[in-house]
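Novice: This is what each chain is made of:
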Amino acid sequence: MNAPTDPVLDIRNLTKKFGEFTALDNLSLALRRGQILGFIGPNGAGKTTTIKILVGAMRPTSGTATIAGADCVRDAWRIKRLVGYMPDTFGAYDNMRVREYLDFFGAAFGIPRGARAKRIDEVLETTGSGWMQDRYVEALSHGMKQRIGVARTLLHDPEMLILDEPANGLDPQARIEMRDLLLKLAGMGKTLIVTSHILPELSRICDVVAIITQGKLRAFGTLDQIMRDLRQKRTFEIQLCGPAQVEGAAAAVREALHQDEREGVKAHATESLVRFDTARSDTELAAILAALVGLKIDVSQFREIPKDLEDAFLSVTRREAPAA
Amino acid sequence: MIPVLRREFLGILRSPRALAALLAAAVAFSLLVLVRWPAGGIVDLSGAGSRGAFLVFAAALLGGVLLLVPAFPASSIVRERNQGTLILLFNSPIPPIGIYAGKFLGVLAFAGLVLCTTLPAAAAVYAMGGVDPWRQIALLYAVLLVMAILSIAIGLLVSTRATSPDAAVRVTYGMVFAVAFLTLCPHALTRGTTGLSATIADWLRRLSPLPVVMHLVGQGGAVGGGLLEKDSGVWQFLVCGLGLAAVLAVATILQLDHRLFDRSRDAGKITDDRSLWVRIVRRLVFLVDPQRRKAGIPFYLNPIMVKEFRTRRFGRFHWLLRLAAGCAVVSLLMTLAATNGTMDWGVETIGGLLVILQIALVVLLTPSLAAGLIASERERGGWSLLRSTTLPGWRIATGKLTSVAWTMLLVLAATLPGYLVMTTIKPTMWNQVMLALVSVLLAVAMTLALSAAIGAFHTRTAAATVTVYVVLMILYLGPLVVWAFRGDPFGEQVVRFALSITPLGAALSVIGMPGFTQYELIPIAWKIAGAICVASLIVYALQVWRLLRPE
Ligand SMILES: Nc1ncnc2c1ncn2[C@@H]1O[C@H](COP(=O)(O)OP(=O)(O)O)[C@@H](O)[C@H]1O
Ligand SMILES: [Mg+2]
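First to last, the protein sequences are chains E and L. For the first sequence, the positions run 1 to 324 when this note's numbering is used. For the second sequence, the positions run 1 to 551 when this note's numbering is used.
Read the hints as simulated data drawn from the structure, not as lab findings. The C-beta atom is built at its ideal place from N, Cα and C for all residues, glycine as well. Careful: at least some of the hints might be erroneous.
As the list claims (entries may be wrong) - Only some residues are given here: those of chain L computed to face chain E with a beta carbon under 8 Å: (1) Ile87; (2) Ile270; (3) Thr271; (4) Gly296; (5) Arg310; (6) Ser388; (7) Thr389; (8) Leu391; (9) Lys527; (10) Gly530.
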């Protein structure tokens, strides 16, 4: 029904107020089919609020959100079929085995009994949790519960999966498994929205990342774009062929940079390299390289040092924090 | 110990419900005395009027202690364990006995506070004259205090063993009511005989505060068809109660150690994967093996209803079968006891006891199943999952109700053999039995609807269960108390009105239970029950609808 390039998720000027408090402030973003959106922000940023509006559990104060053309307020019933939702709490039932648990939710979605049994096998297989089908849900470990939670969202084969903090509290191994699982789901053609309060946790597998703090969208785009936008200063290294030219190269770089950036240029004779921080644009950097080459300095590598995602995340969230 | 005590006490006081209970107690008792105050302020020296006031006062106090106190200790330890704060306490320098004492005294302080708010009312009763301040009022408070201590000891013991607060609340109420009421039954059966069983029954009876309070009020033999005897037993009760509480306290303190946290998770053993022999044996033992793989939910059943059955320990089929079998045996035994003449009870009395058994089952089981229908989903996060499914709201609402209704009908059906024997002995009673059964069915409907409606307004199952129990106990036991004091101080009209509030009175009167026959309660009692039922269902439906709406 929709062309593949149409946005499957379209959020426009979404605002949610709890009394005086604005939990979500004029949020707009769009997502294409088959993409993974990392919805990232510190605790209390408004991620869960956004998600609850998307799945029709909350009403926005103003603004609209549509999923595959279905409005989250008016077409709440269609949204249920389109979306598989995993809340940030698991929702265990006592005395119920994993298979019975999935059977119940399958029945709640009106899947006929025969098809349901097959579907349960499939989702257990997909999430790699077939071996725990006879366990009691309340006795599962946190990592197992998260997988069953994902399996549950898959039961009615929704187009879009919305997972609230799926990697929260998982150990590194389980986190890697969760990442692989999410990639697998994206590979099956699902559109995913995944929230996290930790940027590096999931962002590497996301096609698009939205960073939100205090209800406002701070950055939106691919991870690379965001990193470039966020970062005031990037770190570069110039690797030379020998230690002899190190001082000359450092002097040339200092020449090309602004006054305030000259301090940061360090020459490391033992490693034959020059390291510096700068906010220059890519074209200006190209000019620096050309100048070095023009001085007959033998540059073997001119490279950017990738900065920690954490640093970038902190720099946005700190920058936007109110003075108070 | 002191920090634990302070936190426990303040924690209780901070909960709006406790405060409401406190205020309600103060207001109710003041009103009670005002209402009973002699007209024109003339003190009746014979004390008949003030004895009546004292009686109502004592009954209300006892009811208050039995209904209010158990709720607090029951959830105290298990909630802290589940929230993870108990392990913090264990890692502090406070020894287990200090933790126990702190919790115990914290709840006791609250109970004491509630009792203190009733002191002005007690003073007023005394001022009316005719009541002894020491031998009646002071002893009454002593009895109530011991009952409170015993309830707290039971609650804390249950709380260390339970896995969820609402289960703890249910078991604690059950045990407190067993101590208060069931302990009287063996004595009633062995009365007039001698021997070991009679002696044991006599000692068991000492644990119940009921005969003691009745005696203090001065109504000794007048109540309950002679179930309660003349000799006071006040001291025996105080000693037995404190002794039992001490034993329970020691048992609880001994359990307060690492074992609380060191429980292995259920590995989810399944019968289908075990050897043939095990499968055959389990088949014979369980009939319906709880550990066999379940087939999927068929399309013609409401998934919510099936889920309710599967998630409740009591809803699991093998439990239902056991319960039903137990009920069938009890009802048959009772009927047979009447027919072979070892007891000089008429068929009517047996019919009355059957009705009481059925209503007791209804009142005790229904809230434990129905109060948490909505609250448990909201507490555990199931609600947000349910509303993200395509199940329509009315199916959620009805699925939950029918899961309880079927359970109750099955249990009640198991008591029918007793009636069958009765009608065989006395075929003329057929009509009466039918009317009684309709009354019992109405009681089920009313209790279920009321429990579900009240429970739906809570976010915690334990709180929902407590509230529903309190409301139902008042609703069902209150009229019986009024009936027990028919003539003095309650007039014919008052008793009739009280009995018509629930279908219990109607059922007892049509079956011909001695003492109830003079009241014409059908159809007024049926109409009231129907009205309560319909109103509750509407409230329940509205609340479910409200909860399913986006916030
Ligand atoms: N029902 C509510 N009533 C009032 N405030 C709320 C409610 N739900 C969330 N909030 C507030 O809105 C903000 C965003 O919350 P939430 O969306 O849960 O954050 P998170 O990004 O951690 O998921 C928080 O400050 C929270 O306290
Ligand atoms: Mg959240």
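Novice: Which of the listed hints are not met by the structure?
Specialist: Per hint list: 1, 3, 9 and 10 violated.
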